[in-house]
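Trainee: Modelling step: build the complete structure from the supplied sequences, incorporating the hints.
Here's the letter readout for the chains.
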Amino acid sequence: DAKTTQPPSMDCAEGRAANLPCNHSTISGNEYVYWYRQIHSQGPQYIIHGLKNNETNEMASLIITEDRKSSTLILPHATLRDTAVYYCIVIEAGSWGKFQFGAGTQVVVTP
Amino acid sequence: NAGVMQNPRHLVRRRGQEARLRCSPMKGHSHVYWYRQLPEEGLKFMVYLQKENIIDESGMPKERFSAEFPKEGPSILRIQQVVRGDSAAYFCASSPLYNSYEQYFGPGTRLTVT
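If you read the sequences in order, they're chains B and V.
Heads up: the first sequence begins at 1 in my numbering, then just goes up one per residue.
Heads up: the second sequence begins at 1 in my numbering, then just goes up one per residue.
You may find that some hints are simply not true.
In silico BS3-like links for lysine-lysine, alpha-carbon gap of 30 Å or less [stated by the list, open to error]:
#1 K44/V with K52/B
#2 K3/B with K69/B
#3 K62/V with K51/V
#4 K62/V with K44/V
#5 K27/V with K71/V
#6 K44/V with K3/B
#7 K27/V with K44/V
#8 K3/B with K71/V
#9 K71/V with K51/V
#10 K51/V with K27/V
#11 K71/V with K44/V
#12 K62/V with K69/B
Since the hints were derived computationally from the structure, they do not count as laboratory data.
Mentor: Next comes the structure, spelled out in structure tokens:
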């Protein structure tokens with residue numbers, strides 16, 4: 001699986017958009033980009049995933065660059081409950097869904 | 001619809017004892033994954049099971065660890081002769097479909113080996 005690089009931490013003001021970057025410069029054509037988050041002491045929670053096109057759901061938006069070497073997760077209106085570690089994972093189709101979680105980005109939403 | 005259930009939530013074992021961790025997937029899900037999270041680290045994949053089958057155990061330590069998902073009942077992760085290095089949070093996830101990457105995680109079992 002391709003490696004991902006994320007900043008270790010970032011702060012965001014409540015009510016503002018949080019933009020979380022992820023670099024995956026060695027991604028190959030059949031690899032998806034997945035985002036999960038882990039609120040302290042809980043199990044990870046699925047957020048969104050994509051292959052080539054931008055995606056949006058009720059939680060977030062995922063913007064993937066045209067060359068697919070990086071992506072951005074957007075939380076449109078951050079709340080205090082969005083404080084968590086956010087993981088960007090690149091996973092190959094057919095790899096049984098065995099995610100390898102890296103260090104992620106610790107996001108702290110402040111009032 | 002209940003989520004993924006794991007029990008116990010906290011487990012304390014002395015070195016050399018056995019630890020049994022249980023995972024009940026979401027209703028209708030027949031695929032189970034186990035992950036381990038060591039202190040201050042990310043989750044690491046251990047094993048992927050379907051009912052009565054181990055599909056991928058490439059992340060399982062070669063000794064002392066085993067997993068099963070019987071036709072009836074929860075999935076079990078068993079650790080024999082625990083050592084202090086086994087202290088970690090163990091998470092189970094389930095999915096409804098073959099090769100579905102949208103996994104639903106349980107709250108985890110925190111194992112402490114004294």
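Trainee: Name the hints, by number, that the structure is in violation of.
Mentor: 8, 12
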